[in-house]
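Chemist: Okay, here's what each chain looks like letter by letter:
There are 2 protein chains.
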Amino acid sequence: VFNEDAATLTALLEPLHAADIADLIEQMGEGPRSDFLALWGDNIDGEILTELDETIREDVIAALSPEALTEAVRELDSDDVVDLVEYLEEDQQEQILEALPAADRIAVEEALSWPEESAGRLMQREVVRAPEHWDVGQMIDFMRAEGQELPEQFYHVILIDPKLHPTGYVALGRILASPRRTLLRDIAEDSFRTVPVDQDEGEVAYAFNQYHLISVPVVDHSDRLVGVITIDDAMAVLDLEAEEDLLRLAGVHDESRVTDSVWETTKLRFPWLAVNLVTAILASLVIDQFEEVIAQLVALAVLMPIVASMGGNAGTQSLTVAVRAIATKDLTGSNVLRVIRRETAVGLLNGLAFALLMGLIGWFWFGTAMLGAVLALAMIINLLVAGLAGILVPVLLDRFNIDPALASGAFVTTVTDVVGFFAFLGLAAVMLL
Amino acid sequence: VFNEDAATLTALLEPLHAADIADLIEQMGEGPRSDFLALWGDNIDGEILTELDETIREDVIAALSPEALTEAVRELDSDDVVDLVEYLEEDQQEQILEALPAADRIAVEEALSWPEESAGRLMQREVVRAPEHWDVGQMIDFMRAEGQELPEQFYHVILIDPKLHPTGYVALGRILASPRRTLLRDIAEDSFRTVPVDQDEGEVAYAFNQYHLISVPVVDHSDRLVGVITIDDAMAVLDLEAEEDLLRLAGVHDESRVTDSVWETTKLRFPWLAVNLVTAILASLVIDQFEEVIAQLVALAVLMPIVASMGGNAGTQSLTVAVRAIATKDLTGSNVLRVIRRETAVGLLNGLAFALLMGLIGWFWFGTAMLGAVLALAMIINLLVAGLAGILVPVLLDRFNIDPALASGAFVTTVTDVVGFFAFLGLAAVMLL
Chain A
55 VFNEDAATLT ALLEPLHAAD IADLIEQMGE GPRSDFLALW GDNIDGEILT ELDETIREDV
115 IAALSPEALT EAVRELDSDD VVDLVEYLEE DQQEQILEAL PAADRIAVEE ALSWPEESAG
175 RLMQREVVRA PEHWDVGQMI DFMRAEGQEL PEQFYHVILI DPKLHPTGYV ALGRILASPR
235 RTLLRDIAED SFRTVPVDQD EGEVAYAFNQ YHLISVPVVD HSDRLVGVIT IDDAMAVLDL
295 EAEEDLLRLA GVHDESRVTD SVWETTKLRF PWLAVNLVTA ILASLVIDQF EEVIAQLVAL
355 AVLMPIVASM GGNAGTQSLT VAVRAIATKD LTGSNVLRVI RRETAVGLLN GLAFALLMGL
415 IGWFWFGTAM LGAVLALAMI INLLVAGLAG ILVPVLLDRF NIDPALASGA FVTTVTDVVG
475 FFAFLGLAAV MLL
Chain B
55 VFNEDAATLT ALLEPLHAAD IADLIEQMGE GPRSDFLALW GDNIDGEILT ELDETIREDV
115 IAALSPEALT EAVRELDSDD VVDLVEYLEE DQQEQILEAL PAADRIAVEE ALSWPEESAG
175 RLMQREVVRA PEHWDVGQMI DFMRAEGQEL PEQFYHVILI DPKLHPTGYV ALGRILASPR
235 RTLLRDIAED SFRTVPVDQD EGEVAYAFNQ YHLISVPVVD HSDRLVGVIT IDDAMAVLDL
295 EAEEDLLRLA GVHDESRVTD SVWETTKLRF PWLAVNLVTA ILASLVIDQF EEVIAQLVAL
355 AVLMPIVASM GGNAGTQSLT VAVRAIATKD LTGSNVLRVI RRETAVGLLN GLAFALLMGL
415 IGWFWFGTAM LGAVLALAMI INLLVAGLAG ILVPVLLDRF NIDPALASGA FVTTVTDVVG
475 FFAFLGLAAV MLL
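Protein chains in written order, with this note's numbering: chain A, 55 to 487; chain B, 55 to 487.
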């Protein structure tokens with residue numbers, strides 16, 4: 055398709071949604087991407103830029119002519135511009151801010167003054183609001199007068215008192231279904247909540263999902279209305295948070311993408327592998343203590359990875375359920391003791407089941423009943439410890455305000471490896487020699 | 055708080071959102087929960103029931119009196135009833151369906167005829183639609199006449215032609231901002247898409263997130279409008295899908311919750327541990343082949359878990375990124391070859407880095423340069439294989455329509471364990487003895 059035919063290319067891309075074009079650009083290799091941008095880049099619009107992954111967005115912006123960039127940015131709403139520039143290098147950020155009309159620039163700069171990942175960064179400042187004493191007729195007349203000036207997407211009118219405090223909100227559907235004389239206050243939704251401007255965006259997204267919100271007013275420290283967050287932005291945040299937990303649990307940096315370059319990927323993965331190396335060496339030091347035991351009975355070396363591996367897996371199971379439950383607030387102070395008791399019981403039960411299985415396998419494989427017994431006992435101990443570590447480690451990390459998704463994995467496998475090898479080889483030393 | 059004081063309890067729970075009350079019920083132990091239900095159960099409303107986790111919902115419904123249940127269910131919209139009953143046991147389902155007015159019951163039964171997890175199950179049948187030739191004035195008059203009959207939440211009016219085919223939709227905000235004479239067709243949104251009734255709900259949720267949709271019309275096989283899906287339902291699905299991927303990757307059944315009982319949890323976790331046992335035994339069989347080598351040099355037994363563990367971790371890293379990219383459609387046929395090349399390169403680079411590290415550690419620990427060299431080579435081979443397996447396994451499973459989140463983990467760790475032990479011990483046999 056790459057015959058330097060800009061017209062055909064434009065015709066092909068015309069019917070596509072901005073998000074799809076952004077995906078196409080992301081999936082290109084670096085060579086084709088720069089060819090593509092040289093050919094078509096100046097047709098790019100602001101929406102495509104906001105849909106791009108951050109690392110690729112920087113490359114694309116760098117490849118655009120200043121005029122094309124200015125034009126692309128001017129079409130966007132303030133929250134989209136914030137989204138676009140917040141993680142850019144300073145000079146690119148400067149370049150885009152200068153392209154904006156003065157009023158928009160001030161709005162974006164103010165939004166950037168809120169902490170990263172806060173409601174203030176997520177909200178749009180364009181709000182449709184009305185004094186709380188208005189009726190439906192006044193509201194409709196007001197909106198008709200505003201016409202094109204209204205935000206592109208809005209679902210509620212926010213009622214405010216004279217001090218700009220939001221006091222309720224009215225769904226557009228209710229306004230349309232009510233006679234002109236109806237007071238807005240009388241058709242306001244009964245579930246009304248606001249969000250402080252510095253609240254974490256993850257909390258905001260959680261509230262949207264928990265309470266089935268569509269849009270929520272954002273208030274500053276004196277409870278005045280400063281903006282509104284809509285569900286589509288909250289949905290994107292929820293999706294990203296879930297992705298972060300998934301990647302962190304696997305020991306991958308939470309901004310890892312299939313589109314990263316080889317060098318970036320290598321750098322992002324190295325630290326976790328290094329952590330794992332340290333924990334693996336710890337486990338090896340345990341084995342090292344039992345060198346003489348193994349020298350006398352090599353079967354131990356053959357079987358010991360089984361105990362460690364089963365413990366690691368059981369630990370990961372209870373860990374993952376716990377991390378998810380902490381993220382969705384299903385695991386709280388009021389049920390944590392019960393969940394710990396449950397994990398202990400589950401560890402014990404599965405420990406018994408696999409002890410029986412492995413005891414028999416060890417016995418028949420090496421013809422020594424005692425070896426089977428050692429294997430069985432080690433299995434019970436390690437699955438019990440795995441269950442406990444899987445719940446205790448994330449809960450404790452969360453208490454100390456450390457993200458349990460990030461750090462739990464390393465702790466839990468260290469515990470299960472060390473305990474697994476120690477229990478198996480230690481029992482073998484006592485019972486077999 | 056549990057002094058059998060129903061009035062105080064009601065006063066306490068009154069201001070809470072249904073979702074929060076449901077969370078409270080979920081976090082209670084089984085004993086307190088049945089006390090609570092005996093005391094307050096008959097005040098429960100339908101919304102609380104829909105917010106409960108499935109396993110607990112069954113218990114709660116069983117504890118309610120038939121009258122309380124009937125009353126709770128009658129308040130709900132058709133899509134909420136579907137949500138409520140679709141995973142219930144047949145007799146409970148029957149009981150709830152009988153509590154519904156005839157028209158609602160037919161609607162719910164029709165919805166249940168669509169496949170599980172399809173758009174048909176997710177959609178609500180209450181749709182606000184209008185002939186495409188209407189103007190704003192006609193639309194507003196129609197809605198005022200309908201008044202309370204309109205659905206509680208809606209954000210668009212769907213335009214239909216005389217054959218009931220949807221042809222576009224209009225945001226309520228646009229209707230409110232336009233003069234009465236404006237034709238609806240002229241203010242319709244330019245991004246318009248529909249969803250077939252049997253589409254998978256995960257696909258629907260993906261489309262909402264990708265295209266920033268708020269609501270989307272659902273059509274049957276002859277392209278006629280049958281319902282509408284709103285973003286709040288799509289958001290809940292997106293959240294659940296992310297949870298499923300997370301839990302499946304950790305080898306936990308995707309319906310595992312911290313609220314499950316000990317016995318359920320044990321049963322749900324056993325199968326994956328059993329799979330892991332088989333793969334661990336496979337790895338042990340490899341070690342078994344080298345029993346004599348280990349007997350001659352026990353240091354090998356001390357170091358071999360390090361190679362396997364590093365491989366397992368590197369495999370999990372590339373696997374998790376790949377599974378997530380497949381779920382978000384960032385990994386497609388057009389870039390899969392490039393991503394495979396990248397994983398190979400990353401595996402090689404990190405393999406070299408850790409080969410150097412481990413080579414030195416092995417050398418100094420055991421004072422044998424050759425042992426360090428064996429360790430280094432095994433590390434390169436295993437990290438390379440781990441990177442490749444981490445991408446190839448999920449891609450291949452996806453090609454065969456097997457959920458990569460579900461099955462990849464076991465395959466990848468088997469590969470890295472087997473290759474890790476074989477490379478390390480095999481090289482040792484050749485180079486050291």
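Rather than coming from a laboratory, the hints here were simulated on the basis of the structure. Hints are not guaranteed to be accurate.
Where chains are identical, the list cannot tell them apart; a pair therefore holds if satisfied intra-copy or between any two copies.
Said to hold, decoys possible - Straight-line Cα separation of at most 25 angstroms, SDA-like style, residue types lysine to any residue; simulated pairs: (1) K321 x L218; (2) K383 x L339; (3) K217 x V472; (4) K383 x V291; (5) K321 x E164; (6) K321 x G95; (7) K217 x F324; (8) K383 x L218; (9) K383 x E80; (10) K321 x D74; (11) K321 x L91; (12) K321 x I335; (13) K383 x N263; (14) K383 x F454; (15) K383 x A73; (16) K383 x A290; (17) K321 x V449.
Chemist: Which numbered conditions among the earlier hints are violated in the structure presented, ordered from lowest to highest?
Modeler: Hint check: 1, 2, 3, 5, 6, 7, 8, 10, 11 fail, others pass.
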